[in-house]
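Chains as they are written, first to last, in the numbering used here: chain Z, 1 to 252; chain S, 1 to 274.
One thing to keep in mind: the hints can contain errors.
The calculated PhoX-like cross-link candidates involving lysine-lysine, where the alpha carbons are at most 20 Å apart (straight line), are [as the list claims (entries may be wrong)]:
id, chain 1, residue 1, chain 2, residue 2
1, Z, K29, S, K40
2, S, K266, Z, K35
3, S, K40, Z, K190
4, S, K266, Z, K130
5, Z, K152, S, K266
Taking CB as the label site, the calculated pair distances span [to be verified]:
id, chain 1, residue 1, chain 2, residue 2, range
6, S, S17, Z, R19, 52 to 58 Å
7, Z, R151, S, L58, 54 to 60 Å
8, Z, G131, S, V193, 33 to 39 Å
Here are some chain S residues the structure puts well away from chain Z; computed CB gaps all over 10 Å [said to hold, decoys possible]:
id, residue
9, V7
10, A26
11, Y27
12, K40
13, I110
14, A111
15, A151
16, L179
17, M189
18, G241
19, F262
Just so you know, the hints here were simulated from the structure itself, not pulled from any lab data. All residues carry an ideal CB built from backbone N, CA and C; glycine is no exception.
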Amino acid sequence: MDSETEPAVALTGVTVRYRVAAESIFSLKEYAIRKLRGRMDHGELLALRDVSLAVRPGERVGIIGPNGAGKSTLFRVIARVRRPNEGRVVVRGRVAPLLELGLGFHRELTGRENVILHGTLLGRSRAEMKGRMDRIAEFAELEAFLDTPIRKYSTGMVTRLAFAAATDVDPDVLLVDEALAVGDERFRAKCHARMARFRDRGKTFLLVSHLLDEVRETCTRAVWLAEGRIERDGPAVEVCDAYREWAHAAAG
Amino acid sequence: MAATTPVYDSSRRGLRSIEEARELWAYRHFVFELASRDIKIRYKRSVLGVAWTMLSPLITMVVFTLVFSTFQRLPIPGYPVYYLSASIFWIFFSQVTSHVGSLTTDAIEIANRIYIPRSAFVASAVVVGLVNLLLSLVPFALIVLVTGRPAHWTWLFLPVSLVIGTLFTAGIGLIVFTLALRFVDVRDMYQAVLLPWFFVTPIVYEQSFVPPSWRWVVRYNPMTYLVEIFRAPLYNGWLPGPNTLAFAVLAAVLSLAAGWLFYAWKVEEYGLRN
């Protein structure tokens, strides 16, 4: 089979169910008592219902929809955080979930230690992170503070380091949350430039956003999710317009 | 290009226990980074730093020596060394298995956002425990010197005891960790189990002091054999007997197998908060 035509991300009939009531029993004693009495009824919440979606390599897809529509669940099944209850997810290539900046960061550790910890948390090796260190420090403009504990950093410095560490990757598929660009005006422009470079290099790109203009601008295609189903899937401009119309109508 | 591209297929599942083991190996760098984070933070924060890790078992040692050797007059020569030779393992075991319970918050937080084999947290707790155990050998050697007890060539057996003890600890740690992912009261319940477990294990007393009608409690307690494979070479200066060693190895293998299978079976169900 020609690898060009194989989708980078393919979901077939994906359903994700969350247990609601059972999840709220947090105590083992209570769980044991209920189990003995045979009362274990729990509700279910369908976060995704029979979703099928194929994203070709290099495609840029915006995921839009109201809160609770299943946008983050969609990202979670693609990023392997959760396995679907039904259906199948296939992802070809290395995935970089750019969703959480500074995951695993600890105040007492230095910038350098945090970058390495964060990188290994994403499954990279220590040697690889050491190799990337200079570039990350340069991008974050923190070369002089790399061996200072980050509790002495300003908030802006921490987010700059986190952004630099998270985006210094060479993935095939990027999962991006809105509001990823951080810092002051100048650094935000730098963030946007870096994201644009990913785009231009033909990376597969999935963006979750409430900002329709951002989706229109960066994406070629948009998927509108509603109550766990795909409401509409098509060219970004078209889907964004339809969604906006619906949202205005719903607001009265 | 296509050959090197990793492919994730949610429908292709092998045996979970083997899959989880492979993932843990792939994240080994994270295990050591997390362990080194914990060690660095511990020693950066406390004023006494490393000294405290070495000092705190000695305080317990003084207390038990006073209570059992001086007040109760148990006929055990070199009581401080007698106690330390077994408590070295007990402290490692109880620290690691308690620590994993407190790592679940971190584990859930992270695993809800990105993919991570959660067993990495247990593995890292074991690494931290081993570092602390090695540090505790310094005060042990010191007390041997001060109390004038002999050094033994059987000390060289310690690495073997360590491997067996680590496997046993990892197994129990995995069970506590997996349960604690799902149930908040597991940490407290486990603490309530640890204290009686300490006293039904011959750590502060000798097995022969137990009245015959109660001896089965000690005999069926796997911890008895695990403690003995440390005490025999470190205190008595002989190698653990074949029966003791066999029971210790059996306990370690069963513990790790049970822990790993339970973890692999339940981690996906227990490890997510919506």
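Agreement of K266/S and K130/Z with the hint, judged by alpha carbon distance not exceeding 20 Å: violated (35 Å)
A26/S non-interfacial with respect to chain Z [C-beta, more than 10 Å]: Its Cβ does come within 10 Å of chain Z, the nearest being 6 Å, so this is violated.
When you look at the beta carbon of L179/S, is every beta carbon of chain Z farther off than 10 Å? violated (7 Å)
Can we trust that A111/S is non-interface, i.e. its beta-carbon lies farther than 10 Å from all of chain Z? violated (7 Å)
Is it correct that the beta-carbon of K40/S has no partner in chain Z closer than or equal to 10 Å? At about 7 Å from chain Z, K40/S fails to clear the 10 Å cut-off, so the statement is violated.
Beyond 10 Å from chain Z, beta-carbon-wise, is A151/S? holds (38 Å)
Interface-negative label, Y27/S against chain Z, beta-carbon threshold 10 Å: Violated: least Cβ distance 6 Å, not greater than 10 Å.
Consistency of the no-contact label for G241/S, given chain Z and a CB cut of 10 Å: holds (38 Å)
Between K266/S and K35/Z, is the straight-line Cα distance small enough, at 20 Å or below? holds (17 Å)
Hint consistency between K152/Z and K266/S [alpha-carbon to alpha-carbon, up to 20 Å]: violated (40 Å)
In terms of Cβ atoms, is chain Z entirely out of 10 Å range of M189/S? violated (7 Å)
Holds or violated: K40/S with K190/Z, Cα cutoff 20 Å? Distance of about 33 Å is beyond 20 Å: violated.
Hints 1, 3, 4, 5, 6, 7, 8, 9, 10, 11, 12, 13, 14, 16, 17, counting from the list given before, are not met by this structure.
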